[in-house]
Structure formats: C-alpha cells, structure tokens
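Residue strings, one per chain:
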Amino acid sequence: MNEVATPTQHAALAARVSEACAAAGLVGEPQAEALEALEALDYPTTRQERWKYTRAARLLKVTPTASAPLQAPPVVVESLDALRFTFVAGQHISGETLDEGAEGCFVGPVSVALERYPERLKAWSNSAFATQEWFAALQASAPQDGVCILVPAGHKLQRPVLAHHHMPDGAHVAQPRHLVHIGDHASAEAVLWSDNTSHAEGMMNAAITASVGNGASLSLEIIQDEPGTVHHMGHHHFTQGSNSNLTVRTATACAHWLRNDLHILQDGTHADSTFHGCYLPNGDQFVDHHTRIDHAHPDGQSNELYKGLAADKSTAVFNGKIMVHKDAQRIEAYQSNRNLLLGEQAAMYAKPELEIYADDVRCSHGCTTGQFDKEALFYLRSRGMTETAANNLLVQAFLAEVLDGFRPEIRDHVHSVFARRLGWI
Amino acid sequence: MLKIDNLHARIGDTEILKGLSLELGAGEVHAIMGPNGSGKSTLASILAGREDYEVTQGSISFDGVDLLELDATERAVAGIFLAFQYPVEIPGVSNINFLRTALNSIREQREEEPLSGKDFLAKVKACAQLVELDGKLRDRSVNEGFSGGEKKRNEVFQMAMLEPKLAVLDETDSGLDIDALRIVAHGVNSMRGADRSFLVITHYQRLLDHIVPDFVHVLAGGRIVHSGGKELALELEEKGYDWIVDAEAAEQA
Numbered sequence: 005m006n007e008v009a010t011p012t013q014h015a016a017l018a019a020r021v022s023e024a025c026a027a028a029g030l031v032g033e034p035q036a037e038a039l040e041a042l043e044a045l046d047y048p049t050t051r052q053e054r055w056k057y058t059r060a061a062r063l064l065k066v067t068p069t070a071s072a073p074l075q076a077p078p079v080v081v082e083s084l085d086a087l088r089f090t091f092v093a094g095q096h097i098s099g100e101t102l103d104e105g106a107e108g109c110f111v112g113p114v115s116v117a118l119e120r121y122p123e124r125l126k127a128w129s130n131s132a133f134a135t136q137e138w139f140a141a142l143q144a145s146a147p148q149d150g151v152c153i154l155v156p157a158g159h160k161l162q163r164p165v166l167a168h169h170h171m172p173d174g175a176h177v178a179q180p181r182h183l184v185h186i187g188d189h190a191s192a193e194a195v196l197w198s199d200n201t202s203h204a205e206g207m208m209n210a211a212i213t214a215s216v217g218n219g220a221s222l223s224l225e226i227i228q229d230e231p232g233t234v235h236h237m238g239h240h241h242f243t244q245g246s247n248s249n250l251t252v253r254t255a256t257a258c259a260h261w262l263r264n265d266l267h268i269l270q271d272g273t274h275a276d277s278t279f280h281g282c283y284l285p286n287g288d289q290f291v292d293h294h295t296r297i298d299h300a301h302p303d304g305q306s307n308e309l310y311k312g313l314a315a316d317k318s319t320a321v322f323n324g325k326i327m328v329h330k331d332a333q334r335i336e337a338y339q340s341n342r343n344l345l346l347g348e349q350a351a352m353y354a355k356p357e358l359e360i361y362a363d364d365v366r367c368s369h370g371c372t373t374g375q376f377d378k379e380a381l382f383y384l385r386s387r388g389m390t391e392t393a394a395n396n397l398l399v400q401a402f403l404a405e406v407l408d409g410f411r412p413e414i415r416d417h418v419h420s421v422f423a424r425r426l427g428w429i
Numbered sequence: 177m178l179k180i181d182n183l184h185a186r187i188g189d190t191e192i193l194k195g196l197s198l199e200l201g202a203g204e205v206h207a208i209m210g211p212n213g214s215g216k217s218t219l220a221s222i223l224a225g226r227e228d229y230e231v232t233q234g235s236i237s238f239d240g241v242d243l244l245e246l247d248a249t250e251r252a253v254a255g256i257f258l259a260f261q262y263p264v265e266i267p268g269v270s271n272i273n274f275l276r277t278a279l280n281s282i283r284e285q286r287e288e289e290p291l292s293g294k295d296f297l298a299k300v301k302a303c304a305q306l307v308e309l310d311g312k313l314r315d316r317s318v319n320e321g322f323s324g325g326e327k328k329r330n331e332v333f334q335m336a337m338l339e340p341k342l343a344v345l346d347e348t349d350s351g352l353d354i355d356a357l358r359i360v361a362h363g364v365n366s367m368r369g370a371d372r373s374f375l376v377i378t379h380y381q382r383l384l385d386h387i388v389p390d391f392v393h394v395l396a397g398g399r400i401v402h403s404g405g406k407e408l409a410l411e412l413e414e415k416g417y418d419w420i421v422d423a424e425a426a427e428q429a
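Line by line, the protein sequences give chains A and B. Numbered by the numbering used here, the letters in the first sequence go through residues 5 to 429 in order. Numbered by the numbering used here, the letters in the second sequence go through residues 177 to 429 in order.
This is chain A alone, in the form it adopts within the complex (with noise of 0.2 Å):
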C-alpha cells in the first residue's frame, strides 16, 4: 500500500466524497473553515504521531457508487421505549419530530432542527475537531443529516432518544452530524447507533456535537455494530459547563475499520465526566479509539474505562490522553485500559498520555495487555465448563464492568454479538 499521499489523491477523494454527499442530500451549509481546513490539512499518515498505528491511505480507494436505496432497516433493540430516527446512508427516513416550540425540547432531524430553530443552533454548533483533522473537515464540508436533540435549560428530556443509522449494501459515503444541546440544569439520555448490512463498503463519517449546560446531565450510549467492509470515522466533540455531569459509552460491537475520536473539553468548575468504551476486533479488523479529555477548569472529576479484546490477526488502537491546565487545580483524572489478546497475530497498541500543568491535582492511569487467565480457564474446566463455556463466561467477565453501564437490552445485545462472532454461541 502507498503510504504517501499525494495531493490530487486525497483531493480526488474528498471530492468524490462531497459530490456523492451532494446528491444524496447535505444538510445546512458546509462550516466555512472546514472548507479552508480540508484544503490545508495534511491528510493523516502514519509519520503522524496521532495516527502512528492507524492506516487511513485504505479510505483513498473509497469510490461511492449510486446513492443508496433509502429502504427502513430491521428495528434495532425493540423493546427499548423511546424516541426513535432512522437515518440510511446520511438521509432521514423515519421517526416523529418531537417539538414544543422555540422555548421547548426539540428532537428530530438536523435537517428539520435547521428549518425551524436556526438561531438556536447557531452557537455553538461547529466543531472544532472540524479545523484540526482532515477527515472532521470533510464531513463538516459536506455534512447530512443526523439527530438533533435541543433540551432547553431546567428541563427533562422525559424519554431517551435513540437515533440509528444504517448502511445499506453497496458502496456509499455517508457524514451524518448530529447535535445536541443540553441547556442548563437540564438532562437528557440518547443512543446513538450505527449499523450496516454484511454487504456494506464505503465510508461512514460521522460527527456528533455536544454541547452539556451548567449543571446539565447527559448520558450518551454509542453502539457500533458493522458487519460488511465500510470504513468508519468518528469525530465526537464534548463541551461540559459547570457541575455538569456527562457519560458517553462506546460499544464497537463490529467493525471491519473503525477509528473514534472522542473528545471532551471540561468549559467549567465541578464538571464530571465518565467515558467507558469496549471493543473486540477479530479476523482482521481494525478498531482504534482515541480519546483526550481536557480539564480546563478546576475541581473538575473524570474517570476512563476502554476495556478490549483483540482476537485473530485484528489490531486495536487506544490512546487516551489526559490534558489538566494550568490552574485547573484539584483535578482528579483517573484513566483504565485493559486489553486481553486471544490471537497469537493479533496486536493491541495502547499508549496513555498525561499532560498536567497544574501542581495539584490527582491523576492516575493504569495500562494492562494481557492473556486469558490460565488459572480461571482451568478453574472453570474443572467445573465441567467446555473451553467455549469457559472462554465466553470469561469474557463476559472482562467486559462487564464496561458492559453493565449500558441498558441491559444494549447490554446483551452487544454481548451476543461479541459470543457470536467469537463462535461462542
């Protein structure tokens, strides 16, 4: 594979990728700097330190064919009650607009947020992931549509929001946005999930905005579930206020190649953040998460927890970074990742990063790669438990303290994916 870039090819691409975008649909205008970004971004390589161990020369080749057939997928999680959007390849297809009105909730399409309450978008909006990575500045020059959830300050968004986004078969490019606004002293809950069919190539390019108000809770549940071969980039952006309390959980239920950027930028005092991720690449795919978290603000309180498992010939990523600034005092920032290797190919690279400029503050990371427990394995066996029993409970172990913060029906959901595409079950 070239490793090297040349302008006219990730040129071509993001114009191949705008135009078939385009067609299909965007929504709003493109963000003017991300426009001017795309053009003097360099395109991600792996003489990039933030992109050391993920290949992104594969997505160069990404060539959209027709639009997508905008067909309704298979309802995902369907006992869950609550406010439900299907999206397919970028384009709104179903789900009722909650709206009380220009001082009440809104949750709906980005598209339809835009046609009625532009003014209440307008603030904050933009990513800022969308001037610093070449991929964030593409889907922002090209952006489609997404779930917008617009709690006004001191309300209760009253049932959770769950936005699922689907790739058909076929090559397609979709760059959803998504955005929420949680005013102050209000709450709100949302899934937000993408999936796509076993014959899905392509790119998916999303980007979701958040913004969280003083003393605002939101708790965001992200499932990733991708048979097929389309590429995934996540660009997720997090502004917290003061006492604001803020839990985002990621689950790559499947990928064939995913990269996340998760980033939660605490904008006052007193604000909580717990981000926890789970991921399990098997045969030979391809999960990175990134993470940075900055504490720009003091007695603020954070706590990570990316637990994964990488199993054939699969790679996964994770990078956390941690960024306490100056005056930012009485932090306490506290970082976890394990990781268990069930293939003798596979191959996890995990590096935490701590940048503190305040001088008290309490932070600590904890970075473990490792096997199964031969002393567990044999424990269970010795119960009578088959090696696949065994392999699955322990797994289910692994992962349950990640796991069991989800809903339950999320919960067993992405545990049998994981069982299922082990051969466990």
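Any given hint could be a false lead.
From chain B, some residues computed to sit far from chain A (all C-beta separations above 12 Å) [to be verified]:
id, residue
1, ARG186
2, GLU199
3, LEU410
4, ALA423
So, partial list: chain A residues that the calculated Cβ filter (under 10 Å) puts toward chain B [said to hold, decoys possible]:
id, residue
5, PHE382
6, TYR383
7, SER386
8, ARG387
9, THR390
10, GLU391
11, ALA394
12, ASN396
13, LEU397
14, LEU398
15, GLN400
16, ALA401
17, PHE402
18, ALA404
19, ASP408
20, ARG411
What the hints contain is simulated information worked out from the structure, not anything from laboratory work. Even for Gly, the Cβ is constructed at its ideal location relative to N, Cα and C.
Fit chain B to the supplied structure of chain A, relying on the hints for placement.
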C-alpha cells in the same frame, strides 16, 4: 473406582511423582499426608487434569476409563471434582451464573436435560445451607473478596452442587479457623456415601478429627511410602514424618 499405578510425573525438568500407586474403593475416604514438596498438590492437579504436568510413566484408571486420555472438562463430566487449595477469583462472574453454566455444561455433555430454573435454585439453597454460605456470597463474583474460609466453603458448596463421584480436597483446611473447619467438614461428611469417594490431602491431622478417613497414606519423595488406618494420622502428628521417611530410606538401601 480409582486406581493409580506407578505414576511418574514432572513439571519442566523437575520430576515430582516417582512411582506413585494408590487404590480407592467406592465410598472410601483416603487421606494423603506428607511433608512439604512431597508431591501432594501435584497429585491433586494431575487427577483434575491440569496441563502443566507431564505424566511420563504409569496409569490412572477411573471407573475403568483411562483418566489420562481425558481433558479437565471431560474429567469433571466423568465425576471428578477438585477442591482447590487456592480457589481462583473471577471478577465479573457471579457465583450463581458460574454454577449454572458449569452444571448445565456437564448435563449437556452427559446428554441430560438442563436443570429448570426452579430446581436449580432449590438445589443452590440446599447446598448453600450445608456450608452456611449466605445469599450475598452466592450472588457475588466468584471468590472475589472472599475470606480464606469463605473461599473454602465455596469450594465445598460447588462440590455439593456438582455431586462428584470422586472429590479431591487439596489442603482444604489451610487458612481455616476452627469454626470454618467444622463447617467445611460437616459439608464433606454429609456428602459421604456408598458411591462417592474422597481423597483428602492435608498437612495436618486436625482436619482428620472432623473428616475421619478409612485409610491414611504418607506421600514422600513422590511415592506413597506408608499406609495405615486413621490412627496413623495421630502417630504422624506426634512423631512427624522423619521416622517413616528414614525407615523407607533404610528399606530402600
């Protein structure tokens, strides 16, 4: 029921068992005592099918089946249970889920129907009572944060649930206070029966005050060097092992 004949085994380059022979009849309780490093735990591990050991010579037959041909899972299915000296902590797996999975895995391999939820819970209740294991411990992760005594009680609880034909207790008395010892022994005693045998491996005679064996064997230098009735345990407690080991050495010479 169990016949071990001239067993030689090693781990890496270290030979540990050097011609061990032992026979257990159905319903019998045999105690194995011996100095540190004599191979007691090795014997337990080999019976349960731990793969770290290499058997270089000899045979083990269990109910007429060549045990050495079976892996750890198959041995459990055949009815062998090892109560571990150091029970393993498995965070994230509840004791109940663990037992349900084990029990149904065994039943499936024996081509039996899985136990109904109701029957399973009734059995859990009865077996837990046997070793005075309270509800909280049943619902907690396997052995995680259990005290030494709780871990051993949990082993006997599992044994009661799985109803083995041969139970091997590997230093089940180590780390037990006198109350826990009594509870564990009570659990074991109430499981004694005509078709269940026990191999009780211990350092100390005190366990044998509670679990009274039919036979006592002394394992030293990788072999059974002396066998006797239950009174042998008392003699060993009093005189130590040296007199037997020395006598054996003299005999060999």
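At a threshold of 10 Å, is the proposed contact between THR390 (chain A) and chain B supported by beta-carbon distances?
holds, 6 Å
Would the hint on SER386 (chain A) stand, with a C-beta cut-off of 10 Å toward chain B?
holds, 5 Å
Whether LEU410 (chain B) stays farther than 12 Å from all C-beta atoms of chain A, as the label says:
Consistent with the label, LEU410 (chain B) stays out of reach of chain A, its closest Cβ about 32 Å off (over 12 Å).
Measuring from the C-beta of LEU397 (chain A) to each C-beta in chain B, is the shortest one below 10 Å?
holds, 6 Å
Hinted contact LEU398 (chain A) with chain B - closest CB pair below 10 Å
OK, holds: LEU398 (chain A) within 10 Å of chain B, min 7 Å.
Chain B contact restraint on PHE402 (chain A) - CB to CB distance below 10 Å
With a closest approach of 7 Å, the PHE402 (chain A) hint holds.
Would you settle whether the hint for PHE382 (chain A) is holds or violated, based on the nearest Cβ-Cβ distance to chain B being less than 10 Å?
For PHE382 (chain A), the interface hint holds, since the closest Cβ of chain B sits about 6 Å away, which is under 10 Å.
Under the criterion of a CB-CB separation shorter than 10 Å, is ASN396 (chain A) in contact with chain B as hinted?
With Cβ-Cβ at 8 Å, under 10 Å, it holds.
Does the closest beta carbon of chain B sit nearer than 10 Å to the beta carbon of ALA401 (chain A)?
For ALA401 (chain A), the interface hint holds, since the closest Cβ of chain B sits about 3 Å away, which is under 10 Å.
Go through the hint on ALA404 (chain A) and say holds or violated, using the shortest Cβ distance to chain B against 10 Å.
With Cβ-Cβ at 4 Å, under 10 Å, it holds.
Per the stated criterion, does the least C-beta distance between GLU199 (chain B) and chain A lie above 12 Å, as a non-interface residue requires?
holds, 23 Å
Chain B contact restraint on ALA394 (chain A) - CB to CB distance below 10 Å:
holds, 8 Å
In the structure shown, a violation is registered for the earlier hint numbered 20 alone.
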